[in-house]
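Colleague: Chains as they are written, first to last, in my numbering: chain A, 1 to 413; chain B, 1 to 270.
Be careful, since some hints might not be right.
Keeping only pairs whose Cα atoms sit at most 25 angstroms apart, straight-line, the calculated DSS-like set for lysine-lysine is [what the hints assert, rightly or not]:
#	chain 1	residue 1	chain 2	residue 2
1	A	LYS353	B	LYS71
2	A	LYS353	B	LYS61
3	A	LYS59	B	LYS71
4	A	LYS305	B	LYS179
5	A	LYS305	B	LYS119
6	A	LYS305	B	LYS204
These are calculated hints, taken from the structure and not from any lab test.
Bear in mind the structure is a predicted one, so any value in this text is a computation, not a measurement.
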Amino acid sequence: MTRFPVRLIILFLLLPFPAMAQGISGYAEGKGFVYGERSNSRDPSAVGWGTLFTKWEEKAGEAQLTASVRAEWITSDEQGSFSLDPADRRIRRSPISVRDLWVRFPVSPSVDLQAGRFQLGWGKTDGYSPADAFLPRDLSDPFADEKIPLWAIRLSGQDGAIRYEAVACPVTTSWRLPVLGSRNAPLSVEEVPAGTVFREVEDPPPVIGFAAMRVLATVNEWDLGAWGRVGVRPAPLLDFRFDRAVSTPSGLTIPVERRYAHEEGAGVELSRIIGSWIVRGEAAAFFSRDRDLGDALIGALSAEKGFGDGTLLITLAGNAIDPPVDESLLFDRAILPAFIAAWNRTEEWGEWKVVWTAGLRHGDGLLKGEVGYNITDVWKITVGSELPYGYEKGPLGALHTAQRLHAALRLSW
Amino acid sequence: MNKNRLAGRALLRLTLAVLLAALFAGIALASPDARSLLKESENRHRTRTQQYAGDLTVVNKDGKVRKKGWKSFREGYAGDARNLIRFTDPPEVKGVGFLSIARPGLQNPDQWLYLPSMKRERRIAAQDRDASFVGTDFNYEDMEEFDHEKYKVALQGEQTVEGHPCHVITAIPLEKGGKSVYEKIILYLRKDILYLLREDLYRKGEREPGKRLVLSDIQNVDGHWVARKWEMCDLKKGSKTTVLLKEIAFDRPQAANRFTLQNLNREGGD
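Can you build the whole structure from these sequences, using the hints too?
Modeller: Here you go:
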């Protein structure tokens with residue numbers, strides 16, 4: 001990136017401080033992680049993560065314009081170098097990135113067209129949704145569940161009780177993986193000696209992305225939906241190039257390439273209020289001719305109940321077809337079958353949540369807890385912990401050296 | 001002689017009884033009953049649409065103050081109301097949307113909450129309507145328009161509230177009126193303009209009101225009476241939410257699809 005655009009973006013990020021203009025919002029956050037263990041000598045014992053985020057929203061007639069930029073400073077190797085990466089296609093996070101840049105306008109009173117860079121949220125099942133799972137995520141922080149926005153065009157509308165949506169994503173934005181071999185992605189490859197370094201090859205994802213359609217209907221207590229998509233699957237498949245391994249004085253270095261499979265998927269979703277519970281179910285079929293990906297039949301069932309200002313959410317998800325490779329390498333399918341229980345509650349002073357994810361194949365799991373305290377309307381402090389546990393070859397148990405405590409201080413505007 | 005006396009006494013008693021019955025019947029016929037008062041109130045204050053911007057102040061029992069802001073749009077009234085609320089402040093809840101659509105008959109309305117972080121709506125189950133509405137002292141049921149058809153109502157008497165003589169009406173949710181958070185609501189209806197000044201809200205099992213809604217600063221806007229200040233006190237928790245209404249407008253045409261799930265999901269929309 002040239003110096004001029006960088007300055008422009010920094011100027012944009014700093015705009016809210018003096019102006020506090022209407023339509024501008026954002027936050028500045030400092031976050032720290034402390035780890036109890038290290039998986040290798042390159043893993044730091046503590047990581048700092050600073051974020052400055054600014055969002056600008058404006059209405060121009062009937063059109064809605066939104067732009068947002070994020071600047072970051074990460075003390076670990078998850079931070080990439082300054083680069084122009086408008087579609088998040090690089091393997092590491094750029095210190096400055098565009099999160100939103102879209103316009104939405106009505107093409108008729110009940111039909112909207114949205115174009116640009118924005119985030120999608122599909123699927124009804126909060127704990128695990130096959131409709132949502134394919135959307136690109138940034139796993140630089142493997143416990144953050146951060147979605148990456150897409151460059152896309154979306155047509156959405158409503159006709160009575162029926163809602164419909166069509167999305168065309170002309171550019172592939174892939175999943176961003178943690179540094180391979182670090183505590184956040186401790187690859188256990190057979191017959192690879194300890195101390196082996198994985199050299200990630202920066203292969204650009206395919207240009208063409210995917211297209212998807214979705215129809216939703218609300219009938220009394222029922223919410224029904226169906227969707228389909230075709231195109232490039234954003235989660236990469238890893239090729240360990242043992243044939244190009246290099247022996248160095250410090251150990252073996254193995255190049256790891258990424259490739260992207262084509263996949264077709266279709267799913268149904270339904271949700272119903274039953275007494276004091278909201279029950280949701282999804283089923284999806286995925287078809288791929290790729291030898292390492294294969295087909296999948298994924299189902300998810302969740303039940304949600306409110307208790308005053310708290311909510312309990314229980315989800316069970318599984319894949320009826322065994323994947324041809326270690327499921328840990330398929331990312332969105334890695335934890336299946338899984339049981340997820342989440343309990344969150346809003347308090348006068350803030351909120352708290354506890355999430356337990358149990359991998360049913362290996363008996364591993366993840367315990368997450370977080371408490372947020374609102375110091376004022378704009379200052380908030382958060383403390384929490386992530387504790388992966390269990391069988392070390394399971395997708396969650398493998399992260400045991402990533403057990404950590406975290407604390408964050410955020411100023412919003 | 002004794003027989004004549006007894007007959008005279010019986011006649012006197014009968015005459016008194018008839019006179020008293022006529023007197024009470026006259027009083028009953030002259031006094032309005034609770035249902036007709038509430039119907040008349042609804043007729044007087046019914047508007048096709050209403051919109052306003054609300055400045056909210058939430059004060060907890062320790063005196064800690066939180067500020068919030070929302071924009072509210074309503075179409076229809078009472079049992080046929082559709083309501084959209086979009087939070088504008090603070091940053092933490094900006095963009096959160098709430099849609100409530102009345103259902104036919106006496107069923108509970110359909111309610112959804114849109115959370116920008118999730119990019120999709122969540123349905124509110126009827127049983128969840130006691131949950132706090134986005135950190136305020138209102139719950140999801142409080143956000144509905146009061147519809148007297150869903151209650152068995154009875155006139156309890158009169159009382160002066162803030163210097164205004166009021167009808168005091170007890171409203172008990174009907175079984176067929178959908179599930180209610182409350183066991184009983186006592187309404188204080190200002191006699192001269194039949195406008196609601198206060199609600200005492202009793203949750204199940206409560207002998208004293210658990211919450212109290214006070215409506216004040218009543219002004220005439222566009223020919224309609226409206227309370228510009230709402231105070232919802234949670235008497236058990238000791239907290240209070242005050243809403244100051246600004247930019248109030250009645251009977252303005254609303255966007256054709258404002259009260260739809262598509263619009264609720266429009267990020268940055270209202």
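Colleague: All hints are to be evaluated individually against the structure, with a verdict given for each.
Modeller: Outcome of the hint check:
1. A:LYS353 - B:LYS71: violated, 29 angstroms
2. A:LYS353 - B:LYS61: holds, 23 angstroms
3. A:LYS59 - B:LYS71: Holds - the C-alpha atoms of LYS71 of chain B and LYS59 of chain A are around 16 angstroms apart, at most 25 angstroms.
4. A:LYS305 - B:LYS179: holds, 16 angstroms
5. A:LYS305 - B:LYS119: holds, 21 angstroms
6. A:LYS305 - B:LYS204: holds, 20 angstroms
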